[in-house]
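Here is how the chains run, residue by residue.
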Amino acid sequence: DQQVKQNSPSLSVQEGRISILNCDYTNSMFDYFLWYKKYPAEGPTFLISISSIKDKNEDGRFTVFLNKSAKHLSLHIVPSQPGDSAVYFCAASLSGNTGKLIFGQGTTLQVKP
Amino acid sequence: EAQVTQNPRYLITVTGKKLTVTCSQNMNHEYMSWYRQDPGLGLRQIYYSMNVEVTDKGDVPEGYKVSRKEKRNFPLILESPSPNQTSLYFCASRLRDRVDYGYTFGSGTRLTVV
Chain A
1 DQQVKQNSPS LSVQEGRISI LNCDYTNSMF DYFLWYKKYP AEGPTFLISI SSIKDKNEDG
61 RFTVFLNKSA KHLSLHIVPS QPGDSAVYFC AASLSGNTGK LIFGQGTTLQ VKP
Chain B
1 EAQVTQNPRY LITVTGKKLT VTCSQNMNHE YMSWYRQDPG LGLRQIYYSM NVEVTDKGDV
61 PEGYKVSRKE KRNFPLILES PSPNQTSLYF CASRLRDRVD YGYTFGSGTR LTVV
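Sequences listed follow chains A and B, in order.
One point on numbering: in the working numbering, the residue at position 32 of the first sequence is 32, and numbering is uninterrupted.
One point on numbering: in the working numbering, the residue at position 62 of the second sequence is 62, and numbering is uninterrupted.
Just so you know, the hints here were simulated from the structure itself, not pulled from any lab data.
Don't take each hint at face value.
To be verified - Cut-off 30 Å, straight-line C-alpha distance, at most; resulting in silico cross-link-like pairs (DSS-like, lysine-lysine):
1. B/57 to A/68
2. B/57 to B/69
3. B/69 to A/71
4. B/65 to A/37
Said to hold, decoys possible - Okay, the calculated bits of chain B under chain A, using three or more residues with CB under 8 Å as the criterion:
5. 20–29
6. 62–68
Built from N, CA and C at the ideal position, the CB exists for glycine as well.
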């Protein structure tokens, strides 16, 4: 039972355009949602997060939107740069600060120069 | 440098031969966790620990053991490895009160069981 889903395995965009990565979840008990970025041969690195009580969080070129009624979140990267090419993972934290963090399958983003 | 260190980076072993993957963090983090990454499945949590001597199962704990005797160390033990445990493993840690920053991950251990 996949509680966090990223239905697009890959995405290709042109440099300078917007990249939109999507994530769906099923469990209403998630209180934080996070995005991670992963380059080959490295561990995932934290990018940005959003609390379940907010609908938007912005950090530089990265913005995360949360739609609780649809159980959907998205990561917007504007403008996209070739160095953004990586695998992006969506993750969700169960409320109660248990340490449990559930990841989606990942989306590979390619930004073409 | 603040980091999570895993060893070894690469390991090839035979079915049934017990092995331990070590993990250490120097950030005084209370929470630690192990994940495995497999194609098409993303990252799946194996075990996590909220403090010394406090551990709990993640989504795929079968065939694995962990221990947390010291705050900085969280080894992953495979008592009798099988080929379906061939995977890329990540150790991670975080501060108890910073769920919004998520886990800091190590560089990974690629395990092959033949």
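Against the structure, the hints:
This hinted pair checks out: residue 57 of chain B and residue 68 of chain A have alpha carbons roughly 28 Å apart, not beyond 30 Å. Only pairs whose Cα atoms come within 30 Å are accepted, and residue 57 of chain B paired with residue 69 of chain B is accepted, the gap being roughly 17 Å. Only pairs whose Cα atoms come within 30 Å are accepted, and residue 69 of chain B paired with residue 71 of chain A is rejected, the gap being roughly 39 Å. About 28 Å separates the Cα atoms of residue 65 of chain B and residue 37 of chain A, which keeps this hinted pair within 30 Å; it holds.
With 0 residues bearing a CB less than 8 Å from a CB of chain A, the segment 20–29 of chain B misses the requirement of three and the coverage assertion fails. Counting residues of the segment 62–68 of chain B whose CB lies closer than 8 Å to any CB of chain A gives 0, so the stated coverage by that chain is violated, three being the minimum.
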